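2 protein chains.
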Amino acid sequence: MTGSSGVGADGADLVLRGRLVWFTDDPESLGSAACRFIGDGAIAVRGGLIAAVGAAAKILAGPGAGLPVIDHRPNLIAPGFIDAHIHFPQTQVIASYGAQLLDWLNRYTFVEEQKFADPAHCERVAAFFLSELLRCGTTTAVAYCSVHPQSADAFFAESERRGARMIGGKVLMDRNAPEKLRDTAETGYRDSKALIARWHGRGRLGYAISPRFAMTSTEAQMEAAGALVREHSECHVQTHMSENRREIEAVLQVYPDARDYLSVYERFGLVTERTLIGHCIHMSESEWARMHASRAVAVFCPTSNAFLGSGLFDWASARKKDRSVRVALATDVGGGTSYSMLATAGEAYKILNLNGQTFSPLQAFHAMTRGNAAALGLEDRMGSFFAGAECDAVVLDARATPAMAHRMETVETLEEELFVLTTMGDDRAVAETYVMGRAMKGR
Amino acid sequence: MTGSSGVGADGADLVLRGRLVWFTDDPESLGSAACRFIGDGAIAVRGGLIAAVGAAAKILAGPGAGLPVIDHRPNLIAPGFIDAHIHFPQTQVIASYGAQLLDWLNRYTFVEEQKFADPAHCERVAAFFLSELLRCGTTTAVAYCSVHPQSADAFFAESERRGARMIGGKVLMDRNAPEKLRDTAETGYRDSKALIARWHGRGRLGYAISPRFAMTSTEAQMEAAGALVREHSECHVQTHMSENRREIEAVLQVYPDARDYLSVYERFGLVTERTLIGHCIHMSESEWARMHASRAVAVFCPTSNAFLGSGLFDWASARKKDRSVRVALATDVGGGTSYSMLATAGEAYKILNLNGQTFSPLQAFHAMTRGNAAALGLEDRMGSFFAGAECDAVVLDARATPAMAHRMETVETLEEELFVLTTMGDDRAVAETYVMGRAMKGR
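Residue numbers (our numbering), protein chains in the order written: chain A, 1 to 443; chain B, 1 to 443.
What the hints contain is simulated information worked out from the structure, not anything from laboratory work.
Hints should not be assumed to be uniformly reliable.
[As the list claims (entries may be wrong)] Using C-beta positions, here's what the derived DEER-type ranges look like:
{"no.": "1", "chain 1": "B", "residue 1": "D118", "chain 2": "A", "residue 2": "D13", "range": "17 to 27 angstroms"}
{"no.": "2", "chain 1": "A", "residue 1": "E223", "chain 2": "B", "residue 2": "A33", "range": "52 to 62 angstroms"}
{"no.": "3", "chain 1": "B", "residue 1": "S32", "chain 2": "A", "residue 2": "D71", "range": "33 to 43 angstroms"}
{"no.": "4", "chain 1": "A", "residue 1": "E409", "chain 2": "B", "residue 2": "D103", "range": "17 to 27 angstroms"}
{"no.": "5", "chain 1": "B", "residue 1": "A33", "chain 2": "A", "residue 2": "D257", "range": "11 to 21 angstroms"}
{"no.": "6", "chain 1": "A", "residue 1": "E273", "chain 2": "B", "residue 2": "S317", "range": "41 to 51 angstroms"}
{"no.": "7", "chain 1": "A", "residue 1": "R107", "chain 2": "B", "residue 2": "G31", "range": "10 to 20 angstroms"}
{"no.": "8", "chain 1": "A", "residue 1": "A258", "chain 2": "B", "residue 2": "S29", "range": "52 to 62 angstroms"}
[Stated by the list, open to error] Partial list, derived from the structure: chain B residues whose beta carbon lies under 10 angstroms from chain A:
{"no.": "9", "residue": "T184"}
{"no.": "10", "residue": "T187"}
{"no.": "11", "residue": "Q253"}
{"no.": "12", "residue": "Y255"}
{"no.": "13", "residue": "S286"}
{"no.": "14", "residue": "L354"}
Note that this is a predicted model, so its numbers are computed, not measured.
The beta carbon of each residue, even a glycine, is placed where N, CA and C say it ideally should be.
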């Protein structure tokens, strides 16, 4: 999904020094052996790419010699966070009161998204959106834009301005929504094609074909979405599924011949290894098995699932041996309540503990970085620290608030520190965010 | 529970001006009619007590004339938050990984609490604890101290120093805990008596007789606790119940003759209208009915219940008509993950929505202020704005973070603003905290 243009062109040349932490494998199977930690480490960055990573003494004397050094000790430096599911037009829907999914869409979301017909509104919100993501340490996000192509244009233009690797797409939605939020099978197809031509592979940007969910697309539109997927296998696909029990019932009324929810998407060729399916809370064993076979990704959105009362994601079921499904972690703002992946991981822990399951700090940090990169099929260029990777990174201060600093007095291990960060941390714990080696928080 | 000494003696004389919001009744039954709002309001404070509250023009020309005016517009001013259940010796237990209740107590809490044998440690943590509460806008808390009388001494001394209305007590615990954390029926009784004599009714301080929970007290200690309750009916009582299913099983093994968990406390005379019972998640209809009859209070601790995977509190069951149980809201740090009552109310909304129930922003703000004051039997002196009340107040800025400020652009009603505060707010949204009219955040 990459073009050569832009990547690294204006990235920085420097050395980042700090306590480095990253993953080379999945701690779910390998435990702490999947984690790399260097107490005094450094990353030599050239043209925004990682030239070398290792002990500071070695990097400073070798591949980083002569470069300016930013010393972040005693803070941690981790790969930039990746948010696998977020809604760009919902920054003013977050914290809307008193509803579960379908009501919430009609009462709040479908009202707010109409404002994105106005390109000036799109641009203003895009500037806020990118600033907020970067402030929270999120360097890559997979975003739903509104039905309006101009919303995707604004999202991509602003992402390009920041140099960030961002993925997004305009939603396809031709029924069960207000008239002003509906495209048609034909315009949705045509507008998506034009956006793909304009943005996909430009610099670090990627397109996601985005049928919102089965209820809001006619069969004709689902067929058009399937055509887009066939014609643009380089793109991601994103949609929603099995978030809420009433939603499931409604979908099966709209698609009376479907054996289950997943089969609606399967029928139109939308379930591929590049497909991200938000929520997947109320799943049958057969659906999990078919998700496994397709290599599609289930996206766990804990703050949203709690805020909308949708239910408890079942990570253990998703990852069941022999038919293990790929899982990603995401904020789902504005159903989600925080832009912070740290806060999101903290809520993931709670949801899973309520479900009798555990979620270790290593699993959490893996999910936010290398895990989500792998879910996007981008682990060969991001989500971890290795020579050749794009240098997106987050600097973390586990003493960012008085309560965290007090708690840290008794912390002895890296795992404990990471757990303090996810349980008590938020945007304040992000001391700096680097995109292609460039510091972004002050910008 | 009050002595005349100290109250108001060094309170401030001033006028607080801002957008005032408080409650005169319970919005659960009365809706918005229970809420008072004055867009440009003022509170005249004399000797730390509210002399008059009303429209700013009227107060400034009348009862507040000549007093210094602190103008907090456009921020809200609400009564100070009340936290009905928190553990003073768990400030360094918060964010301890990977356990449900009983394991968590043994692996983390019972290790940490042993440090409170050292009075210097108690004093240092008490200073942090009071600062953190006030930073979060909490002006009254009901705290468990450790088994050591010196922990209660430190908690009360520090509370007195801040002039805050605080309630606490040393835990009674004579079994199923490490030796160094055990008192005996006799020493627990004697130490509690001495603490009551030393602190209860001194200035704004109150004592809570604190048998930790049924598992950690022998029958002899429960009898001694019952004697304390009979001899000191002016004190509160606090304990834990039905937080976790394994805990319930363990308690019924320890008390094999008990018909249910509540009956253990009933048998020893511990269930009164001044009794605060933490959690009450897994309750029988009979237990709710007896809670109603006794007027004891069930304390809902949402961040803790989620973090420890305990379960979803059932507010609707608790409040069922004809046998409605009094309910309070609390952080339960260190099982809870935040000192902020705003964040706690946000998590309460999620827990209740996951349980198919609603929790309006008016209910949330009522619970944090007048509701919790009423749960403590203190609504005649705090939790609301009226002439004669102690002037504990919190100044709230719903634009405290970039994401909140952005969201507030589209907010039109007070309810929406309050919901933004609970869903997205934390200590940052607390611009100032007043205790008896004295600004505390800078201290």
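Verification of the supplied hints:
1. For the pair D118(B) and D13(A), the beta carbons lie near 52 angstroms from each other, so the given range of 17 to 27 angstroms is not met.
2. E223(A) and A33(B) have their C-beta atoms about 54 angstroms apart, which keeps the hinted 52 to 62 angstroms range intact.
3. Taken as a hint, the range 33 to 43 angstroms is violated for the pair S32(B) and D71(A), whose Cβ atoms sit roughly 55 angstroms apart.
4. Distance hint check: the CB atoms of E409(A) and D103(B) are about 23 angstroms apart, consistent with the given range 17 to 27 angstroms.
5. At about 51 angstroms, the beta-carbon gap between A33(B) and D257(A) misses the expected band of 11 to 21 angstroms.
6. In this structure, E273(A) and S317(B) meet the distance hint of 41 to 51 angstroms, their C-beta atoms being roughly 45 angstroms apart.
7. Against the hinted window of 10 to 20 angstroms, the Cβ-Cβ separation of R107(A) and G31(B) comes to about 19 angstroms, which satisfies the hint.
8. Between A258(A) and S29(B) the C-beta distance comes to about 45 angstroms, which lies outside the given range of 52 to 62 angstroms.
9. Interface hint at T184(B): violated, since its Cβ lies 29 angstroms from the closest Cβ of chain A, which is beyond the 10 angstroms cut-off.
10. This hint is violated: T187(B) has a C-beta 28 angstroms from the nearest C-beta of chain A, more than the 10 angstroms allowed.
11. Residue-level restraint check for Q253(B) is violated (minimum Cβ-Cβ distance to chain A is 21 angstroms; threshold 10 angstroms).
12. With 10 angstroms as the threshold, the beta carbon of Y255(B) stays out of range of chain A, its nearest partner Cβ sitting at about 26 angstroms, so the hint is violated.
13. A hinted interface residue such as S286(B) counts as satisfied when its beta carbon comes closer than 10 angstroms to some beta carbon of chain A; here the least separation is about 26 angstroms, so the hint is violated.
14. Nearest Cβ of chain A to the Cβ of L354(B): about 5 angstroms, under the 10 angstroms cut. The hint holds.
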